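*Asks:* Here are the chains, one letter per residue:
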Amino acid sequence: MLDFLFGQLVATHATFDVVTLSDRTTQALAEDPWLAAGYALLGLAGVGGFLSLLGMALIYVERKVAAHFQCRLGPMRVGWHGMLQSVADAIKLLLKEDIIPDRADRVLFLIAPVFSIIATTLGLILIPMSPSLQVVDLNIGVIFISAVSSFGVLGILLAGWSSNNKWSLLGAMRAGAQFISYEISVTLSLLVVTLFAGSLQLSEIVQSQQDGWWIWRGHIVGLVAFFVFLIASTAELNRPPFDLPEAESELTGGFHTEYSGLRFSFFFLAEFINMFIASALAATLFLGGWMPFHIGGLHTFNGLMDLIPPGLWFAGKTTFIIFLIMWVRWTFPRLRVDQLMRLEWKFLLPVGFINLFAAATLVITKLYFFPW
Amino acid sequence: MDKVEIYLPILIMVAVGALIATVLMGLSVLIGKRTRSKVKMQPYECGVDPVGDTKHPVPVKYYMVAILFIIFDIEVVFLYPWAVIYDSLGMFGFLEMLVFVAILITGYFYILGKGALKWD
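Top to bottom, those sequences are chains X and U.
For the first sequence, this note's numbering gives the first residue as 1, with consecutive numbering after it.
For the second sequence, this note's numbering gives the first residue as 1001, with consecutive numbering after it.
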C-alpha cells in the first residue's frame, strides 16, 4: 500500500498548460473574429460579474463569521439563512439619497470612489485562478499588482481630503501613512518568493511550485515571509486590528464619514475585493495557487493529488486565507497609532530584511527542499 | 508574448471599471430621492456646528513617514530585477546584495538614532 502511494510506480506528473483569456482572444482573432469577441466579452463580463457577486458574498460571509465568533446567528431573515441579505442591502444602498456636502470639493469627491474601484478591478484580472482561468498574465505580475493596489489608497486620500471634514482628513492621513509603511513589508516578503521562483510572472510562480509550495519548500524562510505578508497586507487593507483610518470610536467613519449610499458602498466593496486579492496573492505565492499539493519525486502521490481540479485548490486556499483574516479581525483589539508604526518600522521591517538575507543564502546554497 | 499588446486588456479594464462605477452612481442619483437642507449639507461633526476649516497643516510625522517610505520602497524595488536573475548571478549577486543592503541598513540605524521613527 505504501509502495503504491509513495513509490514511483506510475510517472503521472501532470504538466499544466497556462492559456489566459487574452491569449485565447489574440489566437482566435486571426481565424474567427466572433470567437475572439466572445472571449473578450467573457473576460470583461466575468470580471464585472465576479466583482459584484464576490463583494456581496464576502460581506455575507463576514457577517456570518463575525456572528458565530460572538455566539450570535447573524443575518437570518432574508432568504435561506439570510443568503439574500447582501442583495437586499445592495438595493437599499441604490435607493439611498446621494449626498454631496456643500463644503466638499465636488470633482474630487465624485472621483475618489471610482478610483478605488478601478484599482481593485485591475488587481483582479491578474489573479491566476486555474490554468485556463486568468484574464491577463503579465511578465511583471507581482510588481504590477503591488503597484496597482497602491492606487486604492489614492482614492482614500482623495476622499478624505475632498470631504472637507476633520474626521475624514484625519482618517485619510492615517490611511496614507499606514499604507505606505506596510507596503515596504509586503514588497519585501513578495521579494522572497520572487527570489525562490526567479520570476515575476504569476503563472510561472505557480508552475515553480510543482515540487511543493514555497511555504514549506522554503521551510522557515517561506513561513516567516508568509506571516509577514499576512500581517502587512491586513494592515494595508485597513482591516481590524489595523483599522485606524476608520476607527469608529474615535473618528466616527474615518475617511468615508461624508459618503453615503452607493458611493460609500464602493469603498466597502473595494475593501472586500482587496481582501480577496490579498488572499489570492498569498495563496498564489506561498501556497501554490492552483497547483495541487505535490511532494517532489512522489509521482503516484502527486498523480492522486492532480485528480482534484486546480480551480478547486485555488478556491480552497483562498477561502482559508480569507477566513484567517476574518478570524484575526474578531480576535485582536485595535492598535494605537504609535503601536502601529512601531510594529512596522521597528519589528516587521528588520524581520523582512533578515528574512531576505536568509532567503538569498538559502537559494545560493540550495538548502531549500527539491532544488533541482 | 511580451509585447505592448498585452497591456491592452488592462487599458480596456480601466475603461470598463470606470464605466461600471459611473453607470451605477448615475442610476443611484436617478432613483434616490433628494431633500436638501442647510444643516444636512454641513460637514458631519457629531451634531455640533463645524468650527473652522480643515485646510490647516497636518503633523510633520506623516511627511517623515512618506519620505522614509520613498527611500526604502525604491531600494526594495531595485532588488526585484536582482531577484529575478539571482540564480545566474551566483556568488557575485549575493555579495553585491550584501553591500547594497548594508548601505541601506546603515541608513536605517541613522534614522533610528535621529529619532525619526518616534511617533509621539
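Hints may contain errors.
[Unchecked claim] Derived lysine to any residue pairs resembling SDA-like cross-links, with alpha carbons at most 20 Å apart:
1) U:Lys1033 <-> X:Gly261
2) X:Lys166 <-> U:Lys1033
3) X:Lys166 <-> U:Thr1054
4) X:Lys366 <-> X:Lys166
Derived by calculation from the structure, the hints in this document are not laboratory data.
Bear in mind that the values here come from a model prediction, so they are computed numbers and not experimental data.
*Asks:* Each hint needs a verdict: does it hold in this structure or not?
*Replies:* Cross-check of the supplied hints:
Distance check on the hinted pair: Lys1033 of chain U and Gly261 of chain X sit about 11 Å apart at the alpha-carbon level, within 20 Å; holds. Between Lys166 of chain X and Lys1033 of chain U the alpha-carbon distance is near 27 Å, which puts this suggested pair outside the 20 Å criterion. Using a Cα cut-off of 20 Å, the hinted pair Lys166 of chain X and Thr1054 of chain U holds, with the two alpha carbons roughly 6 Å apart. Between Lys366 of chain X and Lys166 of chain X the alpha-carbon distance is near 54 Å, which puts this suggested pair outside the 20 Å criterion.
Going down the numbered hints, you'll see the structure goes against 2 and 4, while the others check out.
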